[in-house]
Amino acid sequence: MDFLNAIVALSNFVLIPAIAYGSQLALGALGVTLIYGILRFSNFAHGDTMAFGTMVTVLFTWLFQGWGISFGPLPTALLALPIGIAITGLLVLGTDRVVYRFYRRQKAAPVVFVIVSIGVMFILNGLVRFIIGPEDQRFADGARFLISARDFKQWSGLNEGLALKSSQAITVVVAVLVVALLFWFLNRTRTGKSMRAYSDNEDLALLSGIDPERVVMVTWLIVAALATVAGVLYGLDKSFKPFTYFQLLLPIFASAIVGGLGNPLGAIAGGFVIAFSEVLVTYPLKKILGYLMPDSLQPDGLVQLLSTDYKFAVSFVLLVIVLLFRPTGLFKGKSV
Amino acid sequence: MNQNLKNAGLFAFVAGLILLTGIMQSWNSALLILNMGLVSAVMALGVNLQWGFAGLFNVGIMGFVALGGLGVVLASEPPVREAWTAGGPRLLAGLAIGAAVIFGAVRIWKSGMKRRVPLLLAELVIGFFLFRWVFDGAVDAVESVNPALTGYLGGMGLPVLFGWPLGGLLAAGAAWAIGKTALGLRSDYLAIATLGIAEIIIAVMKNEDWLARGVKNVIGLPRPLPYEIDLQQSSSFVERAQGMGLDPVTASTLYVKLGYAALFTVVLVLVLLLAQLALNSPWGRMMRAIRDNETSARAMGKDVKARHLQIFILGSAVCGIAGAMMTTLDGQLTPGTYQPLRFTFLIWVMVIVGGSGNNLGAVLGGFLIWFLWVQVEPMGGWLAGQLVAVTDWMQAGFDPESGIGSVIAAMGRVSAHIQDNVQHMRLLTMGVVLLLVLRFSPRGLIPEK
Numbered sequence: 069m070d071f072l073n074a075i076v077a078l079s080n081f082v083l084i085p086a087i088a089y090g091s092q093l094a095l096g097a098l099g100v101t102l103i104y105g106i107l108r109f110s111n112f113a114h115g116d117t118m119a120f121g122t123m124v125t126v127l128f129t130w131l132f133q134g135w136g137i138s139f140g141p142l143p144t145a146l147l148a149l150p151i152g153i154a155i156t157g158l159l160v161l162g163t164d165r166v167v168y169r170f171y172r173r174q175k176a177a178p179v180v181f182v183i184v185s186i187g188v189m190f191i192l193n194g195l196v197r198f199i200i201g202p203e204d205q206r207f208a209d210g211a212r213f214l215i216s217a218r219d220f221k222q223w224s225g226l227n228e229g230l231a232l233k234s235s236q237a238i239t240v241v242v243a244v245l246v247v248a249l250l251f252w253f254l255n256r257t258r259t260g261k262s263m264r265a266y267s268d269n270e271d272l273a274l275l276s277g278i279d280p281e282r283v284v285m286v287t288w289l290i291v292a293a294l295a296t297v298a299g300v301l302y303g304l305d306k307s308f309k310p311f312t313y314f315q316l317l318l319p320i321f322a323s324a325i326v327g328g329l330g331n332p333l334g335a336i337a338g339g340f341v342i343a344f345s346e347v348l349v350t351y352p353l354k355k356i357l358g359y360l361m362p363d364s365l366q367p368d369g370l371v372q373l374l375s376t377d378y379k380f381a382v383s384f385v386l387l388v389i390v391l392l393f394r395p396t397g398l399f400k401g402k403s404v
Numbered sequence: 376m377n378q379n380l381k382n383a384g385l386f387a388f389v390a391g392l393i394l395l396t397g398i399m400q401s402w403n404s405a406l407l408i409l410n411m412g413l414v415s416a417v418m419a420l421g422v423n424l425q426w427g428f429a430g431l432f433n434v435g436i437m438g439f440v441a442l443g444g445l446g447v448v449l450a451s452e453p454p455v456r457e458a459w460t461a462g463g464p465r466l467l468a469g470l471a472i473g474a475a476v477i478f479g480a481v482r483i484w485k486s487g488m489k490r491r492v493p494l495l496l497a498e499l500v501i502g503f504f505l506f507r508w509v510f511d512g513a514v515d516a517v518e519s520v521n522p523a524l525t526g527y528l529g530g531m532g533l534p535v536l537f538g539w540p541l542g543g544l545l546a547a548g549a550a551w552a553i554g555k556t557a558l559g560l561r562s563d564y565l566a567i568a569t570l571g572i573a574e575i576i577i578a579v580m581k582n583e584d585w586l587a588r589g590v591k592n593v594i595g596l597p598r599p600l601p602y603e604i605d606l607q608q609s610s611s612f613v614e615r616a617q618g619m620g621l622d623p624v625t626a627s628t629l630y631v632k633l634g635y636a637a638l639f640t641v642v643l644v645l646v647l648l649l650a651q652l653a654l655n656s657p658w659g660r661m662m663r664a665i666r667d668n669e670t671s672a673r674a675m676g677k678d679v680k681a682r683h684l685q686i687f688i689l690g691s692a693v694c695g696i697a698g699a700m701m702t703t704l705d706g707q708l709t710p711g712t713y714q715p716l717r718f719t720f721l722i723w724v725m726v727i728v729g730g731s732g733n734n735l736g737a738v739l740g741g742f743l744i745w746f747l748w749v750q751v752e753p754m755g756g757w758l759a760g761q762l763v764a765v766t767d768w769m770q771a772g773f774d775p776e777s778g779i780g781s782v783i784a785a786m787g788r789v790s791a792h793i794q795d796n797v798q799h800m801r802l803l804t805m806g807v808v809l810l811l812v813l814r815f816s817p818r819g820l821i822p823e824k
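Keeping their order, the protein sequence lines are chains A and B. Okay, so the first sequence: first residue is 69 according to our numbering, each after it adds one. Okay, so the second sequence: first residue is 376 according to our numbering, each after it adds one.
Keep in mind that the hints were calculated from the coordinates and are not lab data. Cβ coordinates follow ideal geometry from the N, Cα and C atoms, glycine included. Treat the hints with care, since some could be wrong.
[Said to hold, decoys possible] If we take Cβ atoms under 10 angstroms as the criterion, some of the chain B residues that face chain A in the derived model are:
#	residue
1	581
2	799
3	801
4	810
Isolated chain B, as found in the complex (with noise of 0.2 angstroms):
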């Protein structure tokens, strides 16, 4: 009892503070908050179930949010059918042969001939040149259509909320190809190998425009609420508003903002009931005994390597959803913008701070530390502020040639500074909450059962 009432209370704590920033900033940023930490917490379902329940190191995270938020781009946008007339079947095909390649070398190399090395190696460049030969062609030609609109296949013209699980099907595809390779490796080998991979998947999202246009971005996605614009053009929307004592423009966009909070909090509730339900069951309880001591796990019959892809399979999953969630909480995809410090190491820290192995302290992480990635900066900009205030009160009593006067205009502007960089304050935070955590309270704010 003791226990629920403290988590109840670090839950009350953190509701407070993004109430906080509704009544001191705008409830247009708390709303921003909200949904963001809906989106983080659903992350950090994701990692807690990789790390918390198998242990298992993966930083390569950012690889399939980018993922996801891709699904949300082939579910929704409409189908490009000059392009596919272009080269789609074409493309197809050298996907086909690229694929058909990795495969027969898997195969040669595991039927155990004499001398499959060189059969191995020719079978590869061979196959190489043949993907490329056909492959890109098909690429000059879908690009060549209309590039500075579409330039790519498009996507499948399905309602959006599709590409929500189709995110998550592409973050476990990726994640089943690459768990067959690298899960068998060490802790520190994995976490190398999955920091590469999230690198590449990144890499193909920008080179290959068409897929989803790479850097030239897709905007405009399509939406699951109806636009701010056509809410104040309709006339009983606006009536409800005045008759809630609320402008039509703001009206607006609060009811938007709280339509994304509600659909993410569906999808929050569902992931952690069913990752809660795995937890205590005879299922969690074999993962988490894996965790412990490999070894006499697999001693009891336990099949290690398959849970370990299993359960990185669906913690990859979970990510994807999330990174779905949030290219259509943005509207638009930029691979540019997904870097490892704020789309892996950040949900790293939101675990470890909620405790890992807890799922309910993995959901209080993502929701408290997406808060204080976003207001430390203002924050900071405050208190650095306040410094320069001060420096420049003090200048003006001294003489600046004088020895105490030149220390104070040093000073001073040390604290300019300070202030015109305060935007990296973020990360030096994240960096000092997460050693203070691991050293102080190393199980985290709610720590496992």
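Next comes chain A alone, as it looks inside the complex (with noise of 0.2 angstroms):
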């Protein structure tokens, strides 16, 4: 019995919320990798791409609470989401239009494309911050548990509750979905064969007939969907805050450098990675070790390894770590 609330505990605190938080890192690594692989650079302005895709959602979806649009037990959000990421894609085209394409042709050096970026994303933060405010916001509406912990104990007749919240759900369900649909693209059709060939051997696909601008655009999208899918399920689950955001950037990239970049099943590794040591480390296991362990061994402490404020010290050392011994990542990346 206590073997099994520990198993309970342990995923209602620490499984569940790592699985879900790890989906969205790993849907933010992919549109990093995404745009490594394909225009070469890292995309500091990526954080806050989300972060505009997520403000768009959340305007259309107080539109729709307003006009009394409701999606039953689902949140509104996801009616917004494809208008969120019509816009976002909008917005990235008009970026790669006005800003990224002159530097391509000049074929600039990457790390140029870095601080080109670091501007974008200057814009895009005071943009985001302009239009709703540096505040937190909240904007999940429909059921919020699909389990709740109180029938589940009643239900099973255990100690421990175990819940799952519905945007902790709806997250896996909608990153399953993202990722197969994406990699269903990347190796089953066209365009995607040829956004694969032009990352693996940019020359050998110029060569073959590739049109580098039409794979760049088709880059584009794909990144402006994933990163607004990305934002809206973090901010649905937690709260949609422009400053976290642009944080999640640290460990958005140590999930793709970690899981190699360039290569998208490595983005979904290495969110997953992260996502479960953050976790993992950060969280009380007195609980858990309660369960397990005879009385007379009980810990004193918390037995938290490091405060939650440190999370972002896990990132960094998974990222050092990865990079002294394996500088690739978990699975082969490229380097420029």
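Put the two chains together into one complex, using the hints given.
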């Protein structure tokens, strides 16, 4: 019985939140890794692209709520999501046209692109704060729990409850769908194959008649969709605050690099590695150990390895360890 | 000569902007801009050392600036005796254990013996729990000493100006540790790694209350200059002020701000002079050779890794000194206010706009961008005010129920929103300025020779 309680507590406080957070990071890291693979630079504006897409979705969610439209037990934000993706797509195509294309034609060094993306980051950051403000926004509605802790306790007769928030379930379902769609696109369609060819060997791809501008355009559109979905799911699960999205840049980049920059499969693996380490290291394990250990060995403290404010340290340490011992990441990434 | 004339013109232009602020707004705000401009110029020089000289992409400047601020607290605050007796030695022992564990881990890894990985993991796990056991007890003891007022170990009680070199030393020490691990990485990896380090430094300063009170902040730091209130009560100062036709209150604030400006100018001139000498020395030429072609520099027998580490430490130390100057000017250390956009990326905008690789350019960028950062808000506010006035005037002429009237009413709401949120204009403006400079003058206002 104690063992079951320990498993339930572990799932409730560590596994489920980490799976949801990992899916969000994986979607974000996929965007970063695609940009790196095709356009060959680290996009510092990615966190703010996520914030922009989420902001558009939040605004339309409010509009729909004002009109009395709802999505039943599901959050209204899912209805607004396609509009958010479309507008973010227009935005990134616009920035590519106005900003990045010039440097691509010049064949500028990757570090120039990085600095340019810092400029874009400033603009998007200012724009989002300007339109919606820097405060926390909650926009989740619909059913809050799929399984509530009390129902689970009554049903199972255990001491520990298992709660599954609907935002967590939606995150996982949507992430699986999006990833399946992305891999189908990359592996089965002509455009997707031309993207992979372009990423593997630019010169060879150009010789075979692949239009680079088209590849770049499709990449930006996919990235806009991934960023918006990741941002909206994160916002539904926690809340929407522009500065938090900027700070997500670090775990997202850590995920992409740990997995191997430029490798989509690696980005997903990296997202879960980072999420699980972060949650496990910052969660107080006393309760779980309490069920597993005999009374005489009960730990005194909370057995929290690091305080939650040090979660950045987890991303960072994993990043440095991977870079020092396996510079191309867990899955083989590429280097410019 | 032509180039010199242009540079002089650019500096005169920025000086003119600050003077204009003095005439149109107040001399108080002009001096505030000048003082923070001086601090920003020193920071920009530090970044220019790393990026302009050596091509190192460091986006962790915020961390070094914050460590500089910590230096001021550690140097100038009086030591808290009860806290030291309560847990000081045990805390130092804990830190020593932590350092020994890391040192041991590096030794085990470098020893190259067989089956070192399990040994390494065992050493780290045992070491971690030993460290937490010794350290946590000490932290609890120190933090429970009068937590409302102190709750930390305090500093060394030295004059506050000692905080500046100490801040530089702290930043240099952190840069050494980071450089040892991360400098071998490629440019974008180094960028992400330094971004993470800066967040960790801020997290440590927010959470480790025993060090500098964390988010409870250390306020009322000692000052290198007299307090305004003391000046106003000194009869000789009041006489001199009245002799110059100023009232004592204004005179005292101007006196203090000018005093800071003089102190900061000394530091800026010193750092600029050293940076300029370094740039034109054989060492500076070697740095630029490494930056432009690492492989050929290595082939010439230059130790690229050691030189990178050297300049990374030097540049970070300069940022640390600037951070210490800023904390002295503020008179308080507030770890919650350090934000990467303000303390890392804004400094980058300064260096790029000014001209990377050129020390004068970095200084110019520091003043110019700081001026814009401060003044964009009132300028934008004025513009938005005009917009609101125009739409109000137009609204009066139309029926809000009619087609045109409702459009104008919507425009009115939009301009009111712009007016309410005008403070976010500065981020937007910085992005636009950076992109414009990168596009049309990629080498900056004062390009490298």
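Is the shortest C-beta separation between residue 810 of chain B and chain A less than 10 angstroms?
holds, 4 angstroms
Return the status of the interface hint for residue 801 of chain B: holds when the least beta-carbon distance to chain A is below 10 angstroms, violated otherwise.
holds, 7 angstroms
Is the hint on residue 581 of chain B kept, meaning its closest Cβ partner in chain A is under 10 angstroms away?
holds, 6 angstroms
Is the interface hint satisfied for residue 799 of chain B? The criterion is a beta-carbon contact with chain A at less than 10 angstroms.
holds, 4 angstroms
The earlier numbered hints are all upheld by this structure, with none contradicted.
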